[in-house]
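Participant: Each chain is listed here by its residues.
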Amino acid sequence: MKISQKITIAIGLFAAALGGVQAQNKELVVGSSATYRPFAYENPNKEIVGYDIDIIKAVAQKSGLQIKIVNTPWTGIFAALNNGDVDLVISGVTINDKRKQSYDFSMPYFEARQLIAVQKDSSAKTLKDLAGKKIGVVTGSTGDDTASREFGKTNPDIRRFESTPVVISELVNSGIDAAIGDNGVIAFRAQEHKQLKTVNDPAFPKEFFGIVVKQGNKALLDKINSGMAAIKADGSYAQIYKKWFQADAPNLPAQ
Amino acid sequence: MEQVLWFGWFRVDIITEYGVLFWRGLQMTVLVTLICILQGTTLGLAIGMARLAHSRHAPIKQLCQFALRWPATVYVSFFRGTPLFVQILLIHFAFLPLFINPSDGLLLSGETARNLKQNYGAFLSGVLALTLNAGAYISEIFRAGIQSIDRGQVEASRSLGLSFSRTMFHVVLPQAFRRMLPPLGNNAISLLKDSSLISAIGLAELAYAARTVAGAYSRYWEPYLTISLMYWILTLGLANMVKKLEARYGRGDSR
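Each protein sequence line maps, in turn, to chains A and B. Going by my numbering, the first residue of the first sequence is number 47, and it counts up by one from there. Going by my numbering, the first residue of the second sequence is number 172, and it counts up by one from there.
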């Protein structure tokens with residue numbers, strides 16, 4: 047046998063072996079940034095837990111999907127989805143038009159709004175009151191979008207950080223005047239620190255979190271949506287909601 | 172905003188949209204690097220000398236050992252033995268708030284502390300961390316450079332009646348400097364690159380600009396390729412400067 051033939055066969059065998067492995071191992075990788083308590087965070091045993099995690103586990107169980115949760119930094123989470131490092135993302139991702147252009151979203155699983163955190167002595171009542179103040183946000187988050195839209199994308203008063211805990215540390219240390227982020231997370235962090243309070247601007251619109259898949263991955267999206275419909279129907283969704291937010295689950299739109 | 176494509180895939184419009192951020196980021200990177208090179212070299216010289224301090228006579232001998240050599244050795248060991256990233260976070264979130272803090276800073280408190288923190292907090296922490304880190308590495312370059320000069324030079328100089336400091340500054344250091352230039356140049360280049368780590372605490376330098384764009388558009392090629400090119404040009408410039416310095420001060424040996 048010629049050496050070139052040998053190489054061809056070897057490559058063929060290798061590819062076949064790889065294909066076999068892939069066919070057997072249908073475990074889906076779920077990306078979640080575990081700095082988002084109570085949605086996703088690491089408990090002392092290094093397990094990722096939270097509302098998002100309970101939701102995806104329940105959905106996966108209903109629709110018969112094998113999943114593995116992988117802690118993925120927020121700033122690279124969409125790149126990980128693009129590259130195929132993760133198959134889906136559940137990480138408190140707000141559904142918006144810009145993201146819909148590049149990714150597909152499941153039906154909503156959480157209703158959110160933006161919330162402002164400030165030091166107790168602050169007199170700010172709305173987003174507009176923060177003009178000229180230093181505002182901390184997580185890079186590329188909805189809070190970032192909100193501040194960028196109001197004060198300009200390249201405004202040096204907007205300070206961007208990698209994760210919510212860092213933003214809150216900076217606020218506690220007076221490096222910034224205010225933090226903007228998803229209400230669930232900001233409220234949770236603010237009650238951890240006595241010197242902080244939250245400010246609710248009634249002008250902030252209603253938002254929804256969705257599970258994200260690569261654009262066009264309809265097979266997976268359908269499975270997720272049917273699982274989601276199932277947990278909403280049998281009451282396990284309401285249970286998970288109550289467990290994490292001590293409140294009754296709101297009625298979410300189907301799309 | 173209208174999409175502008177270069178070569179069919181490079182979305183240049185998202186870079187120009189954030190152009191101000193890249194421009195200010197470039198200036199910040201250059202500023203931080205220059206300050207840290209200057210301060211780091213000065214600090215490195217002092218620490219390097221402290222590590223070499225010795226004397227044969229009773230009180231000064233112990234003084235050199237306990238007040239100079241030991242602290243300097245511990246300092247170098249700590250800053251070379253821990254990651255720069257950790258040092259930046261430690262200084263910004265733990266060490267500096269101890270001294271500059273609106274409520275109970277040891278050095279500054281009240282409104283001045285708040286203003287300083289908000290406008291220059293990340294800059295101060297970043298420059299401090301990078302300077303201390305560079306000082307540790309540069310001190311080793313100085314120590315090695317000084318030790319590489321033959322003892323006969325010192326002996327000859329001292330027997331000609333020159334004082335220790337004159338011997339150091341007029342005989343040993345000029346020769347040592349020539350040998351130290353290449354490693355010092357290397358160090359300046361790594362300093363420039365390491366400055367990107369300061370973006371983690373929200374300093375608006377080059378890496379911060381790229382992270383902002385990546386976060387806003389979930390596109391990674393454009394912003395990171397852009398700053399790679401900028402860093403590359405900057406390091407080329409630095410390398411060129413070192414080469415010129417070597418040509419100028421390296422002549423002595425090839426007479």
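Bear in mind the hints are in silico, worked out from the structure with no lab data behind them. Note that CB positions come from ideal geometry on N, CA and C, so glycine has one too. Take the hints with a grain of salt, since some may be wrong.
[To be verified] Computed footprint of chain B on chain A; a stretch qualifies when at least three of its residues, placed anywhere within it, have a C-beta under 8 Å from a C-beta of chain B:
#, stretch
1, 202–215
2, 251–263
[Claimed, not checked] One side only, chain A facing chain B, incomplete, derived with CB under 7 Å:
#, residue
3, LYS180
4, THR185
5, GLY186
[To be verified] Just so you have them, the derived chain A footprint on chain B, three or more residues with Cβ under 8 Å:
#, stretch
6, 191–202
7, 221–233
8, 268–282
9, 336–348
Participant: All hints, please: hold or fail.
Facilitator: Verification of the supplied hints:
Interface restraint, the stretch 202–215 of chain A with chain B: holds (7 residues with C-beta to C-beta distance below 8 Å; minimum three). For the stretch 251–263 of chain A, the stated coverage by chain B is violated: 0 residues have a C-beta nearer than 8 Å to a C-beta of that chain, whereas at least 3 were required. Taken as an interface hint, LYS180 (chain A) checks out: its beta carbon lies about 5 Å from the nearest beta carbon of chain B, inside 7 Å. With 7 Å as the threshold, the beta carbon of THR185 (chain A) comes within range of chain B, its nearest partner Cβ sitting at about 4 Å, so the hint holds.
Using the Cβ-Cβ criterion of 7 Å, the hint placing GLY186 (chain A) at the interface with chain B is satisfied: the shortest such distance is roughly 2 Å. Here's how the stretch 191–202 of chain B fares: 3 of its residues keep a CB closer than 8 Å to some CB of chain A, so the rule of at least three is met and the hint holds. With a threshold of 8 Å between beta carbons, the proposed coverage of the stretch 221–233 of chain B by chain A is violated, since 0 of its residues qualify and at least three are required. Judged by the Cβ-Cβ criterion of 8 Å, the stretch 268–282 of chain B is covered by chain A as claimed, because 3 of its residues qualify and three suffice.
Coverage of the stretch 336–348 of chain B by chain A is violated in this model, with 0 residues showing a Cβ closer than 8 Å to a Cβ of that chain against a need of three.
Comparing the model with each earlier hint shows violations of hints 2, 7, 9; every other hint is respected.
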